[in-house]
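Residue numbers (the numbering used here), protein chains in the order written: chain A, 1 to 303; chain B, 304 to 503.
Wrong hints could be hidden among the right ones.
[Claimed, not checked] The calculated lysine-lysine pairs, modelled on DSS-like cross-linking and capped at a C-alpha distance of 27 Å, are: (1) Lys356/B <-> Lys30/A; (2) Lys464/B <-> Lys356/B; (3) Lys468/B <-> Lys332/B; (4) Lys468/B <-> Lys383/B; (5) Lys464/B <-> Lys375/B; (6) Lys30/A <-> Lys332/B; (7) Lys464/B <-> Lys23/A; (8) Lys383/B <-> Lys332/B; (9) Lys356/B <-> Lys23/A; (10) Lys468/B <-> Lys375/B; (11) Lys383/B <-> Lys464/B; (12) Lys383/B <-> Lys23/A; (13) Lys169/A <-> Lys181/A.
[Stated by the list, open to error] Label-pair ranges, simulated between beta-carbon atoms: (14) Gly400/B <-> Met131/A: 53 to 61 Å; (15) Asn164/A <-> Asp352/B: 31 to 39 Å; (16) Asp82/A <-> Asp352/B: 52 to 60 Å.
[Stated by the list, open to error] Listed next, the stretches of chain A that the computed footprint assigns to chain B, with coverage defined by at least 3 CB atoms under 8 Å from CB atoms of chain B: (17) 53-64; (18) 100-114; (19) 181-188; (20) 279-286.
In case anyone wonders, no lab produced these hints; they're calculated from the structure. All C-beta atoms, glycine included, are put in the ideal place defined by N, C-alpha and C.
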Amino acid sequence: MPSPDPYAVVEEAAKQTYIRALKLVPPDVKAALRRAADTETSETGRDTLGIILQNIDIAEDNDMLVCQDTGTVVFWVQTGHDCALNLADVEAAVGRGTERATIEHPLRPNAVHPVTRANTMTNTGRHLPAMHYEFPDEAERARLGLAADGLRLTCLPKGSGSENMSFLKMFVPADGVAAVKRFVLECIVDAGPKPCPPTIVGVGLGGTADLCAALAKRALLRPLGTRNDDPVIAALEVELEAAANELGIGPMGLGGRNTILGLAIEHAHTHITQNPVAVNLQCWAARRSSATMGADGAVEYGF
Amino acid sequence: MTRSNSDERHIAFPITDLDALRELRAGQKLRLDGTVIGIRDATQIAIFDRGEKPRMDLRGAALIHTAPNVRKLGPGRYEKVCIGTTTSARMDRFTRGLMEEYGVRAIIGKGGLLAGSLPVLRELGGVYLAITGGAAALETTQIEAIEEVEFEELMPECLWKFRVKDFGPLIVAMDAHGRSLYEEVTAGARETLAGIVERF
Ligand code: SF4
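Extracted from the complex, chain A is given alone in its bound form:
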């Protein structure tokens, strides 16, 4: 990037994507909520979805946060093959952007030490923001609108109500696919009203324990309605999505037919003796925002 300080551009983009994620609900999620409101049969469920849609409008019209939980900050950095930026400096810039958003907006500080519970007051800290790096191929870059020399930041500030509803299970081959399906649905029932349903269900399948958990979170980045490119996995997504909406948990867990807005599975090959499954739930307030930068320093904001 030839602009004077590309890392200042990254810092500002990190700040803006964090704030934008908290204020704007992505269009695919809004459309799914509207569909849910149209199809909901429970009266309380319909009322609840009406309030949710009203709330999204109030936040947009008045430049307010959709939900008070400013989350644990998670970022994905996706770079093109020819991106010249140093990722260590990018990571530092993302941290500075997160701190500035927290202090300058101001946003509620959530990051605490796991033992002393002392709050850093900046939403940053040891290993926070959580950072993920990806190097998409040409086809994926075309889909994302990411130039070969560009960088894309996506912020997913994760609310605790839904993040606390995270599950991992190491199945073995003898358990079969049926166990995987049962586990995913059990997680949705166990989470019940707590993650603010209707939720989006991210499932990680395969890999190792750490990879599997990361894949479940990664699945939440996919716009609703997109399917895994592996038809076997895509069929599993369709089956589980329909089954979850038979459960009757409904909006805010007070009953109804709209329990989830969608379900996405990201998978990896795994060991011959293993079949790990992770579930990461996302609340209806599915905060997700991205910034795509070219080498000229121009930034385009999206979801």
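Given the coordinates of chain A, work out where chain B with the ligand should sit on it, guided by the hints.
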């Protein structure tokens, strides 16, 4: 208690008759006026586990599980930025203490208290009121002012006194008669799940 339209009752908090909420039934819709007290994990750990008594009078109060986004205006003075509601189940173990020792009668939250709180609600005439979780922008517009703050060292998990108007709608999700809408919905979901699993 007054009725504004056919299905939404208005109640002003704090209530003076500590038995007044016994007549509420699961499924009813409410709106609140008066004051609502914000409280959270750290506040209740301070009150009950460390014995730090609050100065605010909680008799007949409606509490709400929250840690707001605020802007500091001066010593002890804050302005709302965004106020919403958090998951209640984490704070379930404080229900008895709040109602028995401090006279709290309504807890507003999302996701419900656990079934173990039902006997406390029944015994003391308390209710759990469900708000639409995540709908903080709307909630913030219904809070008129932050009147008082205590336990400031626990920021943002302080004890907050909010003045509210037409706060809601809230749904009586757990009443003083042993009903919990969450228990009913979850029981149904487990039964349905058992049927679905048969198909796999
Ligand atoms: S679960 Fe999500 S929508 Fe609900 S309060 Fe928490 S962050 Fe907000």
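> Is the Cα-Cα distance between lysine 464/B and lysine 23/A 27 Å or less?
Replying inline: 26 Å, holds
> Are the Cα positions of lysine 464/B and lysine 375/B separated by 27 Å at most?
Replying inline: 15 Å, holds
>> Tell me if the straight-line CA distance from lysine 356/B to lysine 23/A falls inside 27 Å.
In response: 37 Å, violated
> Holds or violated: the stretch 279-286 of chain A covered by chain B, criterion of 3 or more residues with Cβ-Cβ distance under 8 Å?
Replying inline: Answer holds; 3 residues pass the 8 Å Cβ test.
>> Can you confirm whether the C-alpha distance between lysine 468/B and lysine 375/B stays at or below 27 Å?
In response: Holds, at roughly 23 Å.
>> Checking one constraint from the list: CA of lysine 383/B to CA of lysine 464/B, max 27 Å. Satisfied?
In response: Since the Cα atoms of lysine 383/B and lysine 464/B sit roughly 12 Å apart, the hinted pair holds (cutoff 27 Å).
> Is 31 to 39 Å right for how far apart the beta carbons of asparagine 164/A and aspartate 352/B are?
Replying inline: 20 Å, violated
> Given the hint that lysine 464/B pairs with lysine 356/B, does the C-alpha gap stay at or below 27 Å?
Replying inline: Given that 27 Å is the threshold and the Cα spacing comes to 16 Å, the pair holds.
>> Please verify whether lysine 356/B and lysine 30/A have alpha carbons no more than 27 Å apart.
In response: The hint is violated at about 44 Å.
> Hey, lysine 383/B versus lysine 23/A, does the alpha-carbon distance stay inside 27 Å?
Replying inline: It holds: about 16 Å lies between the C-alpha atoms, which stays within 27 Å.
> Does lysine 30/A pair with lysine 332/B here, judged by a C-alpha cut-off of 27 Å?
Replying inline: Holds, at about 26 Å.
> Are three or more residues of the stretch 53-64 of chain A within 8 Å, CB to CB, of chain B?
Replying inline: holds (count 7)
In summary, the numbered hints that this structure violates are 1, 9, 14 and 15.
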